[in-house]
Every structure is written in C-alpha cells, then in structure tokens.
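Undergrad: Single-letter residue listing:
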Amino acid sequence: MGFRFKVTGGKDVEFDETIITAVEFLSDTPDSSNARSNDLGVVLKVTGRINFSLGAEVDDSTVELANWALMASDQADCYREAQVQIVNGGQIVRQYKYPNAFVMGYTEDLDDGEGVGTFVLTLKQKKDLTSKVELKGNFEE
Amino acid sequence: MAFLFSTADPEITLEAESTEQISFQVEIPQDSRARTKDVGVTMIIKGKILPDTESAGNAADSTAKLMEWSIVPAEKKEAYRSVKVQVTSGGITTRQYELPNAFIVDYFEDFTDAEGVGQFTLKIKQMKNKLSGVKVTGGFQ
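In order, the protein sequences belong to chains A and B.
Numbering follows my numbering, in which position 133 of the first sequence is assigned residue number 133; successive positions increment by one, without gaps.
Numbering follows my numbering, in which position 84 of the second sequence is assigned residue number 84; successive positions increment by one, without gaps.
Heads up, some of the hints might be wrong.
Claimed, not checked - Which chain B residues stay away from chain A? Per the calculated CB distances, all over 10 Å, these:
#, residue
1, E20
2, Q30
3, S70
4, K128
5, G133
6, V134
Stated by the list, open to error - Which chain A residues face chain B? A few, computed with CB under 10 Å, are given here:
#, residue
7, G9
8, N88
9, G89
10, K126
11, K127
12, T130
13, E141
Bear in mind the hints are in silico, worked out from the structure with no lab data behind them.
Where a beta carbon is used, it is the ideal one built from N, C-alpha and C, also for glycine.
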C-alpha cells in the first residue's frame with residue numbers, strides 16, 4: 001500500500017510512497033448532538049518520514065510543510081489545495097482532495113536511534129467550504 | 001461470527017469480509033437522580049477497507065459509500081438512513097439491531113503502510129427524539 005501526497009497553491013510540493021507512512025481521514029461532527037449536525041468538519045492527518053537527502057541532492061520538501069504551518073492567517077496561501085491518494089495493486093483505493101485546506105497541527109520528531117525524522121501534519125478544509133471536498137474511491141490508476 | 005451491516009434509502013450493504021467489530025451503546029446521563037428521558041443510542045462499526053488487486057477499478061468493498069454518506073449535509077434527507085446490523089453465528093441470527101433514523105456522528109479512515117489494508121470506524125446515532133424506533137431482537141433462524 002502506497003501513499004501520495006500533493007500540496008498546491010503556495011510553493012507546490014509532492015511526496016511519494018517513500019515518504020508518507022500513514023494517512024487518516026476523519027469526518028467530524030459534535031458527539032453530543034441529538035440529530036445530524038451542520039457543524040461538519042473534515043480533517044486529514046498525514047504522517048511521513050523526513051529523509052535527509054545525502055549531499056543535499058534533493059530538496060527537502062518537508063521544510064515547506066513547516067513553513068506552511070508557521071504562516072500567518074492574513075496571507076492568501078495559508079489555504080492550499082491538498083490531495084492524498086492511497087494506491088494498492090494498481091487501484092486508487094481512496095483519493096481525498098481538500099481545495100481549501102489549512103494547517104491545524106504540525107509536529108516534527110527527530111531521533112538519533114532512527115536516523116530519519118518523522119512529521120505529522122493535520123489539515124482541515126475551511127469549514128464553510130466543506131462541501132467543496134472531493135472524496136473518491138476505487139478507480140484505476 | 002459474522003456481521004451484516006446494511007442501510008436503506010439510499011442503500012449500502014457492507015460485505016461480511018470487511019466488518020470486524022460492532023458495539024451497541026445505550027447512553028444515559030451518569031449524574032441523574034432518577035430515570036431520565038435523555039437516553040441516546042450509539043453504534044460503532046469497525047472494519048477493513050479492502051482493495052481489489054484482480055480488477056483494479058472495481059470496488060472490493062462498499063466502504064467508499066460510507067465515506068460519501070459521512071459528508072452529506074444535515075439539510076439533506078439522505079443524512080438519515082435506516083440501519084440494520086445482523087449478527088450471525090453458527091447459522092442463526094443471534095442479534096439484530098435496527099436504527100430506523102440513524103445519522104453519522106464521526107467517520108474515520110486510517111491507512112498505514114505496514115498493514116496493507118485500511119481501517120474504518122463508523123459512529124452512528126439514532127435521532128434522539130425517535131428513540132422508540134430502535135429495535136434489538138435475537139435468537140431466531
């Protein structure tokens with residue numbers, strides 16, 4: 001199973017199967033509601049490795065994720081388009097596309113024992129534009 | 001033991017291979033001094049998201065339909081569906097849960113590269129003012 005993650009709308013970055021290790025999708029409404037709530041948020045959590053490139057041959061695109069997370073809310077490109085594909089045996093099992101995603105959480109963990117770093121990026125679609133989210137499943141690559 | 005999850009109007013039938021765990025919870029406030037009317041029913045369904053490697057492009061399971069249901073806005077009729085869960089064991093239906101006006105509270109999809117398949121968690125609730133519609137039956141052929 002492989003994951004591909006793409007962010008466009010600022011400095012475009014792409015991550016392939018060698019970097020992303022886990023993906024989580026969550027469609028979240030308040031747990032205490034008596035009936036279906038309009039307060040619907042869609043969250044995407046992407047976990048991956050920070051593979052420090054030997055001799056700095058390849059640009060480390062994860063730096064751009066950190067910059068995105070630090071961006072002030074008055075800048076236009078703090079909202080970007082994020083797309084995740086989950087691929088297995090020639091099939092796109094899932095494709096999540098958030099056209100107006102903003103960063104809700106970003107952590108980087110670096111550990112000498114592992115040799116590479118880990119990042120966890122949590123994204124949310126701008127809540128008034130939740131209906132713009134495109135979710136697809138099970139189509140050919 | 002097998003679980004058969006289905007909804008009516010619009011229809012979703014999950015394959016028995018994908019469902020793994022069912023939890024049925026009656027939620028009653030813990031601080032009440034006498035029997036309360038504030039009773040809620042929640043069901044949690046967990047299972048696998050299976051890919052189909054033989055014919056990429058064909059869905060191996062119906063979990064993508066759950067994902068689509070999870071972002072239906074509250075003002076649409078399809079946000080509420082009639083849910084039936086049958087538990088079969090040794091040729092008999094040991095339990096049958098019916099929630100005629102169920103809505104999604106939370107829906108998760110988790111994918112990690114180590115597992116090979118995804119996992120979904122669906123949390124649904126019966127509309128609180130229609131609690132009397134909930135039926136739990138069991139022990140029939």
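Undergrad: The structure should be examined with respect to each hint, and the outcome stated for every one.
TA: Tested hints:
no., hint, verdict
1, E20, "17 Å, holds"
2, Q30, "14 Å, holds"
3, S70, "4 Å, violated"
4, K128, "4 Å, violated"
5, G133, "13 Å, holds"
6, V134, "14 Å, holds"
7, G9, "21 Å, violated"
8, N88, "4 Å, holds"
9, G89, "3 Å, holds"
10, K126, "14 Å, violated"
11, K127, "12 Å, violated"
12, T130, "7 Å, holds"
13, E141, "7 Å, holds"
Comparing the model with each numbered hint stated earlier shows that hints 3, 4, 7, 10, 11 do not hold.
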